[in-house]
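Q: Read off the chains here:
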Amino acid sequence: AVTADAASKKVDLKELNVQFVPSSQADTIQAKAKPLEKLLKKQLGIPVHVTISTDYNTVVEAMGSGKVDMGFLPPDPYVQAHKQYGAKVILQSQRYGINDKKNDGSDTDKLVDYYRALVLVKKDSGIKNAKDLKGKKIAVQNPTSDAGYIFPVVDLNKKGMNVVKNSDLVTVKGHDQGAISVLNGDTDAAFIFDDARNLVKKDNPDAFKDTRVLEYTAKIPNDTITLRKGISKADTKTIQNAMLKVSKTDKGKKIMKDVYSWAGVTKSKDSNFDTVRKYQKQVEDIK
Amino acid sequence: MNATLPERQFSEKWHVKGSLAVLLFVLIFIGSGYNTGVSTSFSWDQFWQLLIRMMHPDWAYVSSIITPIAETIQMALVGTLLGTIIAIPFSLLAARNIVKNTYLRGIIRFFLNLVRALPDLLLAAVFVAIVGIGPMAGVGALTIFSFGMISKLFYEAIETIDEGPIEALTAVGANGIQKIVFAVIPQVMNQFLSFFLYTLEINVRASTVLGYLGAGGVGLYLDQTLSLFRYDRTAIVILAILVVVIVVDGISNRLREALA
Amino acid sequence: MGNGLGTIKVNDVSKIYPNGTIGLDHINLDIKSGEFVVIVGLSGAGKSTLLRAINRLHDVSEGEILLDDVDITKSKGKALRQQRRNIAMIFQNFNLVKRATVARNVLSGRVGYYSTFRSTFGLFSKEDKEKAAANLDRVNMLDKYYTRADELSGGQQQRVAIARAMMQSPNVVLADEPIASLDPKTTKMVMDDLQHLNDLGMTVVVNLHSVELAMSYATRIIGLRAGKLVYDKPIEQVSEHDFDEIYAESGDGE
Amino acid sequence: MGNGLGTIKVNDVSKIYPNGTIGLDHINLDIKSGEFVVIVGLSGAGKSTLLRAINRLHDVSEGEILLDDVDITKSKGKALRQQRRNIAMIFQNFNLVKRATVARNVLSGRVGYYSTFRSTFGLFSKEDKEKAAANLDRVNMLDKYYTRADELSGGQQQRVAIARAMMQSPNVVLADEPIASLDPKTTKMVMDDLQHLNDLGMTVVVNLHSVELAMSYATRIIGLRAGKLVYDKPIEQVSEHDFDEIYAESGDGE
Amino acid sequence: MQKIQRNSWQKYGPYIITLVVVLIFVWAFTGIPLSTVKPQAMQVTKSIINGLFHPEWSYVYTGDGEDLVSALIETLAIAFLGTFISAILTLPFAFLAARTKKGFFTPRSTLGKLILTIIRVFPEIVLAIMFIKAVGPGAYAGVLAVSIHSIGMLGKLFSEAIENIDRGPNEAIVAAGGSTLDGLTLATIPAVLPEFMNYTLYRFEIAVRSAAILGIVGAGGIGAPLIFALQTRQWPKVGIILLGIIVMVTVIDFLSGQLRKRLV
Ligand SMILES: Nc1ncnc2c1ncn2[C@@H]1O[C@H](COP(=O)(O)OP(=O)(O)OP(=O)(O)O)[C@@H](O)[C@H]1O
Ligand SMILES: Nc1ncnc2c1ncn2[C@@H]1O[C@H](COP(=O)(O)OP(=O)(O)OP(=O)(O)O)[C@@H](O)[C@H]1O
Ligand SMILES: [Mg+2]
Ligand SMILES: [Mg+2]
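Read top to bottom, the protein sequences are chains A, B, C, D and E. Heads up, the first sequence is in the working numbering, so the first residue is 1 and it goes up one at a time. Heads up, the second sequence is in the working numbering, so the first residue is 288 and it goes up one at a time. Heads up, the third sequence is in the working numbering, so the first residue is 548 and it goes up one at a time. Heads up, the fourth sequence is in the working numbering, so the first residue is 802 and it goes up one at a time. Heads up, the fifth sequence is in the working numbering, so the first residue is 1056 and it goes up one at a time.
No lab work stands behind these hints: they were computed from the structure. In this text the structure is predicted, and so the values were computed from the model without any measurement. Some hints here could point you the wrong way.
Far from chain B, some chain C residues (derived; all Cβ distances over 10 Å) [as the list claims (entries may be wrong)]:
id, residue
1, 609
2, 617
3, 684
4, 701
5, 759
6, 792
If the Cβ cut is set under 7 Å, some of the chain E residues that face chain B in the computed set are [to be verified]:
id, residue
7, 1069
8, 1081
9, 1083
10, 1084
11, 1086
12, 1087
13, 1135
14, 1161
15, 1172
16, 1178
17, 1188
18, 1198
19, 1300
Where is the CB? At the ideal position from N, CA and C, for every residue including glycine.
Based on the sequences and whatever the hints tell you, model everything.
A: Here's what the structure looks like:
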């Protein structure tokens, strides 16, 4: 058995530790690790351990200490992981785009590796353009959130509306909470990803009917698959190909869909995230 | 005098029951160790890293968290108070030495178990879902949480009191409530107070979890500083909570002594 | 008084503890109003068990106990409370609320006469407060009125317990070794107090270990041994060496 | 024995409780080896306080207490423990570990002779176990060897406490009202046991409330009143009515 | 009757304290804006309750080791190890922190209490990250985080139990010449052990429910599934997880009740 293992072993790593935090865009998440473990193990010939976390910080820190080799990270944590511990993106996830025209949250049939954020207001609200947000209450996410803070703030600023200074920002946890707070009238607007209303559709059937999108932001790159620093070039390549292969099989596709609500993965490079870095810089200047 | 030790049955002599219990315990222990993959590998240098980064707190951040920490205290106070008020009648009804009716007690206890089974996370999430974001949700979650916890602590405290005074009051012809007022409350008052403060403290600390779900308070800031990798600010948040807890603790100790 | 109240009839009462110990073994007794009964017996003979049964502090396994012809073993709720109110009990181990003041402990003897509401808020009448002070004075403890019970010496605690019992204005006084921790002077005082209550017409039943005191206060002496009634005579017929018989060990060859 | 060990010298000892109560007030005493001293006094006179001071269960406010010429008020650590090992104490309220068996309670009297390790794991020697059985037998409690202490009657608990004290093979026995809850028969047994220990050469100091017992066992009687030493005579010079004086209230007009 | 005097603190102290306490609570209530319950809240509540009462039974057992049953077992294992390890580690801290002597300032106990407070206050989330850095994500990190966090809580409860016991039996041992340690093992521990066990069991119940920390560390317990189900508002799934937790906690409660009966 030992020799058989050794023969099928395709990388230098003794084992591969994977951790992921389900994307906040996912509208169904299954906390399952085993299926991916099996598929990857078959591809790489080494033991694979997949763990699921609910906090990005742990993934980044564990990659920093070498306890996690591969992490599934959204753009902002990725940029942090890269900056702090030299982690490298190898792949990016793909999703079907959102059919914005229909305003019902349905997908297009085109695979994309980006998404957008939007500014949500009540349908009958008097807020007609960015300037009207002045003095209004806006539900935002943590200042590290791309869709829930950085991109909308920067893009609105470009339109001459400094919400940090002129509006009342209320931090909520989760994009569903942002959407709900608008529906409930707790806030006048919310920064959510496109289209987080899908999350609350089940509990609030009128989620789309009662609301309206004020602005869409620029494109935000999708979630990453990132390797920690110190993995050899050859191994990186092998792992990248293995993941791609997995994503092409029927089984792999189904798992990606069920567990991560991804439609596929595509190769990526660090420079794809320069926009994110740029926005991060810009947001710091908006005071 | 030539006394010999009294004989005991074999099972008593060798503590068969006790030994079996210990054996069972050890087996569960080992099984759990296996299940959770406990090992000896531990990277101390990595372990200290965060602490080292926290060693240089960003003192300027203090001013930003004064309001949220005050909000946390308010939430904790209100939640604990409401929880305690609901808990008192329930704990009396659940105490074996107060309510002799096994069925009534059983029903009450089952209900209390149900309440305590609710994870704090779920409570917070549900309240956020219902009343929306903000301190109201936090207070709701803390109230239910405190209720479950305090009622159990209370009824157990009540069950351990010296029953002599209850007996004396019984002998005097006191009714149930009079017995409680004269013989039970004075004996448990001290413990009630310390459990109240204990829960208050837990509720202050629970703000970290509540913040995780957006139920207001200083927890949100803990979450933010962590996701920005600003451990120098995390340190400030922790210190702020520490100060509050030490104050609560100090009051608790002094009060317990004064009432002892 | 002399109203004929305060009779106790114990009919064929047995008490078996959950762990199997036989506390009382088919006891029959008929105590008249105004008697001063002293119960003697070895340690573990069942004296405390008997007193506690009379007050229904625990249930007996069989038999009935009539207090003024009402069976307390079958009483319930308010009726039971009223029966108990008429029986004062002084405990071997005081049973004070340690964390409460002496005053509150003594006043608690009176709760049987108050509505729950009034007693809860400590709305005791002025008379009762004065009565409490008077009773404390009688046992020489008035200066400790506001002291917490746990700061008292053993003997002092017992005196507070006695004052509490006196608050009840009972028909029957049960006392379980009320003088175990008292000095001779206080002992005499307490026994005299019991005597005094007896003179007022109350029935007094006391567990005692002191033969001397038994002889000088009792109007009737009852002996228990291993849960059985082994002796029951009016004082006139008692001679000191009868006690040797009562105190014989169960196995001493009867 | 008769080895001259077991002397107690109390030099100008005072004890003021934190709440201001004066427990002892400049006490001077010189107890010789082999004496049988009975301390009498009203409830609250300071008898327990004095015994506890001798064993250094609490610190005195001033003065020194020499046990075989070593000042226990200044002893520390191992030396203190060895001094205490030589003094057995019987408490007014038994102080048994309620959740432990009678056997373990009695054996715990022997801890002064064991390393912490051995006593912790209950590794008592066979001799000591037999000694425990013998001592329990002496107080007539052998059949309760494996019973938990909280299932005993008051008197039974006191007898266990006495057996525990006997385990220590002490030079001095201090007993704080050891017979408060005992029947006359057990009382006599216990007093005889104390007498026996005394005959073996141990110094015995007993707090008692019974004048009768004091007169028949003591070789010396000491009287306390409100923390002061008010009486101290060898038994030959004591007459019964001296007690009236000791028992006079502080305010009774001395 | 004779007049019995009380000093002014005895007379007015309770009123002053009551006033201060009332003021504190008034302040606390002012901080909580009474957000009136929204009309939509009814709808949300309804769908939550609806979901909770229609649990997703299929999740109970799937056979792939990632279902409710295995998650609960893993949670139990983590809680069990974490709690009982910490119960042992706690002992020295508890005795250090217990104030057994009166006095205004007691350095030993103050130090002990301070250590315990710091441990307690340290957020679980941060602890979790530290342990993940040290041992990697998974149940092991969960055990460590639970056990360290529990020390702070148990240490406090234990030390108070020690402070509250009847010192009589301990005194008797000391009077017999036993060392402080003898008093501890022969009198104090038997007296406090049931209470220690009680608190440990109690803490065990709490650990079982502290899903948050386990979810964060990727421990594979019930934490992550619960958090995700909550985040994506899959109420039927929340329902089944909740049911599982309730059953588990009830069983634990029953067992620990039996155990307690035997210990007392
Ligand atoms: N709660 C109990 N459970 C089991 N047995 C008990 C209990 N209380 C008392 N006993 C046993 O019942 C018997 C009678 O006890 P009781 O307390 O009535 O004795 P007593 O005559 O009052 O003795 P003493 O003079 O020592 O107070 C004793 O053998 C005692 O061990
Ligand atoms: N812990 C304490 N704190 C304050 N005062 C106390 C304390 N213990 C005892 N006292 C007081 O000290 C005095 C002496 O008490 P002590 O217990 O020595 O009396 P005693 O002679 O043993 O009485 P008794 O015969 O009733 O046992 C009493 O007035 C008592 O109230
Ligand atoms: Mg008795
Ligand atoms: Mg005394």
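Q: Now look at each hint and say whether the structure bears it out.
A: Outcome of the hint check:
1. Taking the minimum C-beta to C-beta distance to chain B, about 20 Å, the non-interface status of residue 609(C) holds against the 10 Å cut.
2. Residue 617(C), annotated as away from the interface, keeps every beta carbon of chain B farther than 10 Å; the closest lies near 14 Å.
3. With a least CB separation of 20 Å from chain B, residue 684(C) remains clear of the 10 Å interface cut-off, as annotated.
4. Here residue 701(C) stays apart from chain B, with its beta-carbon at least about 14 Å from theirs, past the 10 Å limit.
5. Its beta-carbon lying about 28 Å from the closest one in chain B, residue 759(C) satisfies the requirement of being farther than 10 Å from that chain.
6. Its beta-carbon lying about 27 Å from the closest one in chain B, residue 792(C) satisfies the requirement of being farther than 10 Å from that chain.
7. Evaluation of the residue 1069(E) hint against chain B yields a violated restraint, the C-beta minimum of about 11 Å exceeding 7 Å.
8. At a threshold of 7 Å, the smallest CB-CB gap from residue 1081(E) to chain B is about 10 Å, leaving the interface hint violated.
9. Hint status for residue 1083(E): holds, given a least beta-carbon distance of 4 Å to chain B, under 7 Å.
10. With a cut of 7 Å, the hint placing residue 1084(E) at the interface with chain B holds, because the nearest CB-to-CB distance is about 6 Å.
11. For residue 1086(E), the interface hint holds, the least distance from its beta-carbon to any beta-carbon of chain B being 3 Å, beneath 7 Å.
12. Checking residue 1087(E) against chain B by beta carbon gives a least distance of about 5 Å; that is within 7 Å, so the hint holds.
13. Annotation: residue 1135(E) was flagged as interfacial toward chain B, and the flag holds, the nearest CB pair being 5 Å apart, inside 7 Å.
14. The criterion of a C-beta within 7 Å of any C-beta in chain B is not met by residue 1161(E), whose closest approach is roughly 10 Å, and the hint is violated.
15. A least Cβ separation of about 6 Å between residue 1172(E) and chain B falls short of the 7 Å threshold, and the interface hint therefore holds.
16. Hint on residue 1178(E) holds. Least Cβ distance to chain B is approximately 4 Å, under the 7 Å limit.
17. A distance limit of 7 Å between C-beta atoms decides the matter here; for residue 1188(E) the minimum to chain B is near 4 Å, and the interface restraint holds.
18. The interface hint given for residue 1198(E) holds, since its Cβ lies 5 Å from the closest Cβ of chain B, which is under the 7 Å cut-off.
19. Hint status for residue 1300(E): holds, given a least beta-carbon distance of 5 Å to chain B, under 7 Å.
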